[in-house]
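Peer 1: Listed below, chain by chain, are the residues.
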Amino acid sequence: MKIAVSSQGGSLNAQVAKNFGRCPYFLIVDSETMKFEPVYNPASSMTGGAGPAAARVINEKGSKIVLTGQVGPNAMSALAGYGIEAVTVSSDTVREAVEGYLKNKKTED
Amino acid sequence: MKKIAIASGKGGTGKTTVAVMLSRLLSKKFKVRLLDCDVENPDCHIFFSDAPTEKEEVCVFYPEVDTEKCNCCGRCQQVCEFNCLFVMKDRLMFFGELCHSCRGCKLVCPQGAISEGSRPVGKLFNSKVEKNLHLDYALMNVGEARATPLIEKLKKNLKSGADYAIFDSPPGASCPMAETVAGCNYAVLVAEPTPFGIYDLKIAAKVVKKLGVPCGIVINRSGGEDKIIDNFARQKKINILFRIPYSRKFSCYYSKGVIKENFFPGLADKIIKEMLRI
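These protein sequences, in sequence, are chains A and B. Quick note, the first sequence lines up with residues 1 to 109 if you use this note's numbering. Quick note, the second sequence lines up with residues 110 to 387 if you use this note's numbering.
If you're looking for bench data, these hints aren't it; they were derived computationally from the structure. Please read these numbers as outputs of a predicted model, since none were measured by experiment. Each residue gets a CB set at the ideal place from its N, CA and C atoms; glycine is no exception. All clues stand as given, with none of them false.
Here are the simulated lysine-lysine pairs, DSS-like style, with alpha carbons at most 27 angstroms apart:
no., chain 1, residue 1, chain 2, residue 2
1, A, Lys18, A, Lys105
2, A, Lys61, B, Lys198
3, B, Lys198, A, Lys2
4, A, Lys18, A, Lys35
5, B, Lys198, A, Lys64
Here's a subset of chain A near chain B, in silico, CB distances under 8 angstroms, partners left out:
no., residue
6, Met46
7, Gly48
8, Gly49
9, Pro52
10, Ala53
11, Arg56
12, Asn74
13, Ala78
14, Gly81
15, Tyr82
With the rest of the complex left out, here is chain A (with noise of 0.2 angstroms):
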């Protein structure tokens, strides 16, 4: 599973954003492997409309769950157009972020 999480640098011990539109970068995390492949998020300078455009990156990069901080509106109605799910985390790196939220999945199955 492609797990993608908004974040501010390209590493997995990087911080989690705490903003889904204007973060700067999402990792998108193999959950298998932890491997993982950072990608600028262009929306992260844009004027207006960045939680949408947002959405369309990690739509783009296949990933049907992000892990974030807050969601505005409009972007919560585009994840939910490209049925993608988000999981608010209050984790500090994207590492913790992906293991407590694969932790909480086992627990809920």
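Chain B: place on chain A using the hints.
Peer 2: For chain B alone, kept in the frame of chain A given last:
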């Protein structure tokens, strides 16, 4: 017709005061049209007694998508500078409040699926408020993000027949202010002699210069720290047209919705003289 914009940069420096005073003074000799371009919060009309007002709704372009014709090719999404259009798997998602009505999507759509829709953004009002003085103003609908379409419309509706048109600009130095000042013969920058006042005046003067509109400064609540404005004016070779002294009596009238133009009778002469000189 000569067009004079009253702008400021900083808010609350006295644009409306100057615009109303100037309009009234000029209307004694000339036909004047006062345009309140602060469409987010128009207030010129407060200073005139109620006159019969005509209303007109203002609409902007809004893409209407024919879902039958749309094949989700994504050309509109590529061309949209404002991130309004998104192609989902089987449909187009449109974020209307971000649209700047550029019609790009309509132009590029190979399927002809986008047609001319329209959306109301506000209302225009106009009334003859005094002999020789006509007031036009607009009020933007709550929730709208862009003031410029209404200002554009106000300026477009300006009919010839008046000798002078006075534009009361919105505060700031961004798009609504630039839209108001652009194309004017002269700009009056109303400034107050405070650190905030000079800071914003500098930005406003830069914008006005870039627009190629000659300008002069009116210092409001003059007295005390005038020299910070004087220094800047000297440096940039901008003339100080008038100084409105701080007057408690004037403030009391103002708070009751009364602007006495005969308080500062020299204002109009000074501005017109300076304008003709340039």
